[in-house]
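First to last, the protein sequences are chains A and E. If you want this note's numbering, it's the position in the first sequence, counting the first as 1, plus 181. If you want this note's numbering, it's the position in the second sequence, counting the first as 1, plus 190.
By construction, these hints were calculated from the structure, which means they are not laboratory data. All of these numbers come straight from a predicted model, not from anything done at the bench. Note that beta-carbon positions come from the ideal geometry of N, C-alpha and C, so glycine has one too. Hints may be right or wrong, so weigh each one.
As the list claims (entries may be wrong) - Negatives, chain E to chain A, calculated, CB over 12 Å:
1. Asn196
2. Thr199
3. Phe233
4. Asp253
5. Arg297
6. Ile355
7. Ala400
8. Leu405
9. Gly658
Claimed, not checked - Below are the DSSO-like pairs computed for lysine-lysine, each with C-alpha atoms no more than 30 Å apart in a straight line:
10. Lys676/E to Lys275/A
11. Lys202/E to Lys676/E
12. Lys306/A to Lys367/E
13. Lys529/E to Lys324/A
14. Lys529/E to Lys461/E
15. Lys359/A to Lys275/A
Unchecked claim - Here are the computed distance ranges between Cβ atoms for each label pair:
16. Ser420/E to Val227/A: 18 to 28 Å
17. Ile622/E to Gly310/A: 41 to 51 Å
18. Tyr524/E to Gln274/A: 17 to 27 Å
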Amino acid sequence: MSTTNNEKGIVPAHHFDSVAQEEDAGIQGIWLFLATEVLMFGGLFVAYAIFRGMYPEMFHHASKYLDTKLGALNTLVLIASSYSMASAVRSTQKGDTQKSFNLILITIACALIFMTVKYFEYTHKFHEGLFPGANFSHPGADKHLGLFFGLYFVMTGLHAIHITVGVGLMVWLLIRIKRGDFSPHYFIPVDAVGLYWHIVDIIWIFLFPLLYLIG
Amino acid sequence: MSAGTNYLTHSKGLKSWLFTLDHKRIGLLYLGAVATFFLVGGFFGLLIRLELLSPTKIFMSSDVYNRVMTLHGSVMVFMVVIPGIPAVLGNFFLPIMIGAKDVAFPRLNLLSWYLLMLGASIAVLSILLGGVDTGWTFYTPYSMKSADAVTTIVTGAFIMGFSSILTGLNFIVTIHKLRAPGMTMMRMPLFCWSLYATAIIQIVATPVLAITLLLLIAERVFGIGFFDASVGGDPVLFQHFFWFYSHPAVYIMILPSMGIISEVICTFSRKTIFGYKAIALSSVAISLIGFFVWGHHLFVSGQSELAGAIFAILTVLVGVPTAIKLFNWTATMYQGSIKLDTPMLYAMSFMALFLIGGLTGIFLAAMAVDVQLHDTYFVVAHFHYTMVGGVFMGMMAGLFYWIPKMSGHMYNEFWGRVSAVLVFIGFNMTFIPQFIMGSRGMPRRYHLYDPKFASFHIASTIGSWVIGLGFLVAMITIFKAMRSGKAAPANPWGGTTLEWTTSSPPIHENFEETPVITGRPYEYN
């Protein structure tokens, strides 16, 4: 194998000439992946725009069924988690892996708080009969409200799936940190998961006002 | 590494293939998969044609016919022509042609293959569950109500979409980060440019397909109402979403094929490509304009006339970069020293058939004409002229061109040429009658039809047997060249691109040492 060791003793994968080239490739790959995430959610935002254009009053009315306080709490929790994640990346770059470990733990805790709040929101909606689309059964309400809840559950549901995947990725980071994989010379996976986590947060930053705050 | 080994003998055993990270071996894994899917899809196609020999039922009930038609379309689109060229030939040759040792993310590359296999298995499961009768486009509202295994096949297509996204992502990063010293973007072979343009579409359009199919699944499972008019949703929204992906997707299919044609035309005309920059950038232009033409599928779906007019104009615009390519290829051949080997025969078939496919596309882009031709056999014929006349001709040209490099054996030239001639004749016999009957009002997807169309259908069915025979001869010829045949020299065709500078078959790391590039490709003169 014609691999070249650089001065820090980190060996690039066999098809790269240098660690820098490998890092560049990794980061570009992550950004492209994030672009696909934006486009996937983009479809949902388009659907939202179309249906809101068709039924502006219904959207206005329907959003009153959402709990703004819980939504705001979750927004704060996710913003805090973005801060702890960004700090975790910084700590890894500076070589403080213990601190990085703790910060990722805090991020995971935030994600779990978010999911718990979401759980209570969802069960409350189910209890009220605020089901998506055809299954909508809230007494006395316009059946078109079901369309709003179709959007609500699909958008927040797909987002929640992304949060769950993020928790899995962070647990994987914790294991690798414990194994001593990362150093100031090699931290692409931490950086990558960090970027992923921020995009998931940003999507929520758009979901919150569009769903909760239009009433 | 011992001397004298190549990528095929580098390591041995089934496990060395199933867990390989070598882009060349992964290319061959894809080749095996796509060839199998092609046989399945082709078999269903021949069954359809056989049933249509008579205006009345021969051996299939209408329900069975609808399922066979759906399977032919779904298998061919999602499992053959989309992964076909990029995943097989792109995987094998993109890294070699830019002087790299592998793609940027080899493990992701292997994962993409497994995702295709998983998605395909789930799609095939839908056959065991009784099949799907919606057509490959899964239009709502019918796809919401159909009692068939729609959810299963759509889940399969959803997973295969991720395979396509990850392949595109891998190729873009490979092209940006792994070019050999001196290999500037403007020195890349045109096949690489076409893969680059394809990868842009794969990354930008496929996520929209993913969400569309996810919404269709959610509609069937949870009744979310997006496409359900009874709760205020809009079934036509599905068509918009679907074609926002699926129209650019036809450029995912055709662009790599055009890339192969550029390579083959140059090599077998012994001429520098005419208009390198124009061909390279027209690929990117097609991929960009291609995003803004999806509305031409909805001319009769209640879309506003203004929207229709805009989409019509944009659609005709795609013809410009496409024509640029055809004119440049013709100019390349002019006064060249042309050799009519099998790859060149397929490339010339491409030029003739794709010209017809492209021109009939202009008919369909004209709104008033489309009202008459919409959902007729004219559309079926147009689509097959671009997909078979375009994609498959390019794929066959590429396979015959590169099989000596991939396997280290020459194929049998006589049988290669026979296959090219058979496919060309059979193809025109099958689809020219479809243009005629379509323009006279024969609707597509019909099982039983007006007897006045019977003679066209009979000609078409006989033609389908000739195509079937042609592809069978081609597949056997290629398969034999995979295993045996005259040993291939490093550069059997006198090509000028990098893959011809390494041994046939290439060594595990592609090159003994990283090549340094000092000029443009195709410097024959």
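Hint check results:
1. Asn196: 17 Å, holds
2. Thr199: 17 Å, holds
3. Phe233: 34 Å, holds
4. Asp253: 26 Å, holds
5. Arg297: 10 Å, violated
6. Ile355: 6 Å, violated
7. Ala400: It is violated; Ala400/E is separated from chain A by about 6 Å at its closest Cβ, not greater than 12 Å.
8. Leu405: 7 Å, violated
9. Gly658: Correct as stated: the minimum Cβ-Cβ distance to chain A is 38 Å, above 12 Å.
10. Lys676/E to Lys275/A: Since the Cα atoms of Lys676/E and Lys275/A sit roughly 59 Å apart, the hinted pair is violated (cutoff 30 Å).
11. Lys202/E to Lys676/E: Holds: Lys202/E and Lys676/E sit about 23 Å apart, inside 30 Å.
12. Lys306/A to Lys367/E: 49 Å, violated
13. Lys529/E to Lys324/A: It is violated: about 69 Å lies between the C-alpha atoms, which goes past 30 Å.
14. Lys529/E to Lys461/E: Roughly 12 Å between the alpha carbons, so the hint for Lys529/E and Lys461/E holds.
15. Lys359/A to Lys275/A: Roughly 16 Å separates the two Cα atoms, so the pair holds.
16. Ser420/E to Val227/A: 18 to 28 Å: 22 Å, holds
17. Ile622/E to Gly310/A: 41 to 51 Å: 59 Å, violated
18. Tyr524/E to Gln274/A: 17 to 27 Å: Given range 17 to 27 Å: violated, Cβ gap about 58 Å.
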